[in-house]
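**Student:** Here is what each chain is made of, one letter per residue.
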Amino acid sequence: MRRLLLLLAGIPALSGCGLPEPTGEHRNRLVVSSVSPPRTFNPVVARETSSTDITDRLFIGLTRSDGVTGEVLPYLATEWESSDGGRAWEFTLREELQWSDGEPLTAEDVKFTYDRLYLNPDIAASGRDILTVEGETPEVTVLSDTRIRFEYSEPYAPFPRAAALGILPQHVLEDRVDAGTFESAWGVGTDPSSIVVNGPFMLAEYRTGQRVVLERNPHYFERDENGESLPYLDRVQFEIVQNLDVQIQKFRLGELDVIGVTGQYFPLLSPERDRFDFRLERVGPATGTTFLAFNMNTGEDPETGRPYLDPVKAAWFNDVEFRRAASYAIDREEIIRIVMNGLGHPMWGPLSPSQGPFHYPDVRRYPYDPDRARQILDEAGYIDRSGNGIRQDPDGNPIRFVIVTNAGSDTRVRMAQMVRRDLADIGLDVGFNQIDFNALVNQLSFTFDWEVVVMGLTGGPDPHFGSNVWLSSGGLHMWHPMQEEPQRPWEAEIDRIFVEAVREADDNRRRELYSEWQEIVGEQLPFIYLPNEEMIFAIRDRLENVEPAPLGGYMHNLERIAVRDE
Amino acid sequence: MLRRRLRQFWDMCWTNGFLLSAVVCLTLLYLVALFAGFVSPYHYDNEDRTRSYHPPTRIHVFDDGRLTRPHVREYELTFDEDYRRVFVPVEGVRHDLRLFVRGDTYSFLGLLEWDLHLFGVGEEGRIYLLGADSRGRDLLSRIAYGAQVSMTIGLVGVAIALLFGLLLGGISGYYGGWIDTVIQRSTEIIMIIPGFFLLLALRAAFPPDWDSIRVYFFIIVILSFIGWASLARVIRGMVLSLREKEFVAAARVLGAPDRFIITRHLIPNTASYFVVYASISIPGYILGESALSLLGLGIQDPHASWGNLLQEAMSITQIQLHPWILLPGFFIFVAVMSFNIVGDALRDLLDPQQEVTTTI
Amino acid sequence: MLGFVIRRLLVAALLLLAASFLTFMMIQLAPGDYLAQLRMNPQIGDDVVEQMAERYGLNDPVLVQYGRWLGNLARGDMGFSFVHERPVAGLVWEHLRNTIFLMTMVILVTWLMALPMGIYCAIKQNRLTDRVLSALAFVGLSIPNFFLCLVVMWLAAEIGGIPVGGMTSAHYEYLSWGGKVVDVALHMAIPVLVIATGAMAGLQRVTRGNMLEVLRQQYVTTARARGLPEHRVIYVHALRNAINPLITIFGYQFALLVSGAALVEIIYSWPGMGQLILEAVLTQDLYLVVGVVLGSGLMLILGNLLADILLGVNDPRIKFGERGAS
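Protein chains in written order, with the working numbering: chain A, 1 to 566; chain B, 1001 to 1360; chain C, 2001 to 2326.
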């Protein structure tokens, strides 16, 4: 008993001298954090960023996208060319590529990966969608050990970008595909050594729910300018820390080397830069989008024959002047100041400025002007006739709706609360509610009975990969999904642009087309975009070559990151 | 008998300092809830975004070293190079603190529109005795309005749970047989499923377009749904033992109807337990609502409850930068503690044998 | 007694079955399903999502899904977590382990602190220390765990050097054996402190009450009258009798092991059942939710059984079998 007490008494004494420090042998190591645990190490069925952040280091593709500019660069392939007006694409592989078990990597592996994995209808491969153009998938032919050809029946301009999908080893996985058990191959319970990779790192250890450890792949082909083989780091460790606050505290304690933060956390970290030896790098607006969307669905439930949404409300929401008034009423500067602590950027169109070459800066803007919003509503006939402070539509229905967003996303919730207040201030009776994410998605994709939502979408590298959102037939065309024929002229216009752009081989012409699309969105406001947070990275001083960027984060050049000798 | 008990309780208050202060705290909190519009200087949704996270305002009684009327100073929000909020005093601007000022209108008990407030600093200035939230809303006002939710949720919840518990527990104990078995097994199933899960799962069934009043009542119903099971079991036990007592048996032999026996004999004899039960389980309801709101699934903005006020304090970083956002938690603590003390005293007074424990 | 235990366990199995059915229904009642996250991803096609729904059997009627799950359970398979792409059993066990570990520490701390305090207060009844400690007990009993947790985490973050979340440091693997122990101990300090505060206050009050009651008993007075030294009276005669009834509390504490600390676990990011249940419910990870409910229900039943057995062992007057299967 007495000994136990002594032991207990000893703990606070030890804590006085801080956390126990590791021995010096493992210094060539990068420790980063991940918000949730990986669900699989199989890149074909990996869907969440928690899994792809890791599989992207393990498996590389024919091409890669530059983390800073978004440009498509050679990777396993050294060069490629298109023929037949963008229908056929030929890639040349690097010589003497090897898998991490020393086996050669050839064009056969590439064919196997595409034909039997990504394009296999029996496998729920998340990459299949971006390989599909108008329902068609490519035919893959091996020309030689290092040459391979993809052939579509329609032109597919952004194909080289799609060809960044990770290549997998045929000699290891063919049996699993034959047996029909490929989807469960390389799950999180797999022995790390059985995962054969071609990327700069290979899996060393996964401690469930706590950390993933990668180690250097000695067979990785890339070398730096001095001929030294990459990667420089011996190990990369992903700490799974769900809570951003805990991440920050772990960073302050020196456990993590790099973290991504937002404006809210900046004032806490910024004064401590010298004390804890790190720098804060601001890299610009995030690539995703957050927006306010009004339900414009005029359809009826085929089973009950009842409209999904009260036609009275659908009529307001379909009125572009109504949406414009709403956009003028939102005080984006205050949202940035209050929710993002001054570190944010107003957004006007569907592409973030960080999203590279397709961003069109001159879309219509709706600066905060509540008087103008009121005037627009007055002119459109939404007038408060009863004098109770709530406007009514021309038929006398009071304008009343609920803004819904998903619980758990603090920034989004707070933005939605401020938007609610802004809209209430121009005389609309607006409620607010947060429900859990799944329930919200259920409304957006099945019951269609929502009124107004604040939602977000992740930003893809190429607008074409957002087709599901923008084509009027798309399932994510939230304001009126899965239309057989576009019901609004501007929707027809967007449909036309998207179909044309994917066939267009000329980059400048594609840019023009997508600019036109962004202009239409800015005019018609199916989504009213809310500000984007500034992406900020806190980077430990002892690290070299960390070049964070909005598109690629800080890991896009992981193989070149090094630890400075002290 | 009731009068005697009240008398005893009154005497206890004067001999036990804890109890007295708990009773005073509860009385004050309920008064604040009742007169929330009057005691708070602003409406709960009155925001001033230029004063985001304004720290608690100091009340000055000296100006230039001379004693003056109590007043507050004006501050302007700027961001420093670390993007921290800095409130810079504006020289020469002061706002006198006055009692009984006109301000935002509020409805008193839903009957009367009124705009008189206990105190305020007039239109130009703002007073934040407990600091402001992210949108510059007065935390004191929001806590006062939040008391309306948090201080009543327990009362209504306990009433509903008592109703269910009494009904089902009473039926179960009184009739016995298969009814008893069915009810007892149902209570066991509910008790086996973790309350936290029940809370989340039932909450998921809310339609999102409900207004806050309906959400409020539905939360209460969920909480009482979780609470009634244990109560029903206790009541069943009590009824079982009472049923065997002579006076009940006598009434039955004399041919009294069931209803008569239940209302005249069983309920009065178990009543003292209910009082104790109520005061002890109210904290559970307050905490249950807080937990839901803390996760964003309870009372929704712009309406305030102590739980959803604490939602802003879920981030340690935010607490480090603006510690006063933790204050609503302190009010929860005071309310819970007062109920515990009163409940404890009532138990000593009414029911010295029974050991009741809270569950949530 | 063995018969009693067996019967209780049988009833418990039926109850768990019913609870699992109810859980299943509740999850299905809630709008949406686990594939929501994927549906919102513009880069994943609808056909892929549909394929997954088919594969997981989410398109089948609820009763069919439940029947299938039950059939698998009979073969010892608790199902598959969609979100984690792993069997539920292993997942639940890993989190349960961490929660049990945490709560064992909590119980240890609680008993080691509360018993001496309670006894001390009883001996020094109504003196200053007793009053102060009793007041503190009330504070401890009343302070909401989540609030205390936030306050302590804030203080720890302000002081610095103390971990405020998680279970191990990032460099845990590279620590010496002793370093690992200290590392985990430091990470546990805050949640243990927070959860133990409430439990400790309760136990202290009960101990004090029991001890006071025992000290008033005849045999203590007799022992004193016989001239036994006071410490012998207290520590040998009174103490044993005062502690015996407390043993049942131990069983009930065990029952609360799983669900008692959910909110604190979530706030502190402790990788235990709280996190798992919150995530599972929010993502509607069907089988995982049922698994979690079964896991914690089982703990509850075992805890109550343990309490009853301890009660019986402790007090031979209680006969098993007469109390019904409560």
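Incorrect hints may appear among the rest.
Which bits of chain A does chain B cover? Going by a derived footprint, with three or more residues having C-beta under 8 Å, they are [to be verified]:
id: 1; region: 265–278
id: 2; region: 295–306
id: 3; region: 336–347
id: 4; region: 410–418
FYI, nobody ran anything at the bench for these hints, they're computed from the structure.
For each residue, glycine too, the CB sits at the ideal point set by N, CA and C.
**Student:** State for each hint whether it applies.
**Tutor:** Hint-by-hint comparison with the structure:
Counting residues of the region 265–278 of chain A whose CB lies closer than 8 Å to any CB of chain B gives 6, so the stated coverage by that chain holds, three being the minimum. Judged by the Cβ-Cβ criterion of 8 Å, the region 295–306 of chain A is not covered by chain B as claimed, because only 0 of its residues qualify and three are needed. For the region 336–347 of chain A, the stated coverage by chain B is satisfied: 6 residues place a CB nearer than 8 Å to a CB of that chain, which reaches the threshold of 3. Check on the region 410–418 of chain A: 5 of its residues sit with their Cβ under 8 Å from a Cβ of chain B, so the three-residue criterion for coverage holds.
The earlier numbered hint that this structure contradicts is number 2, and it is the only one.
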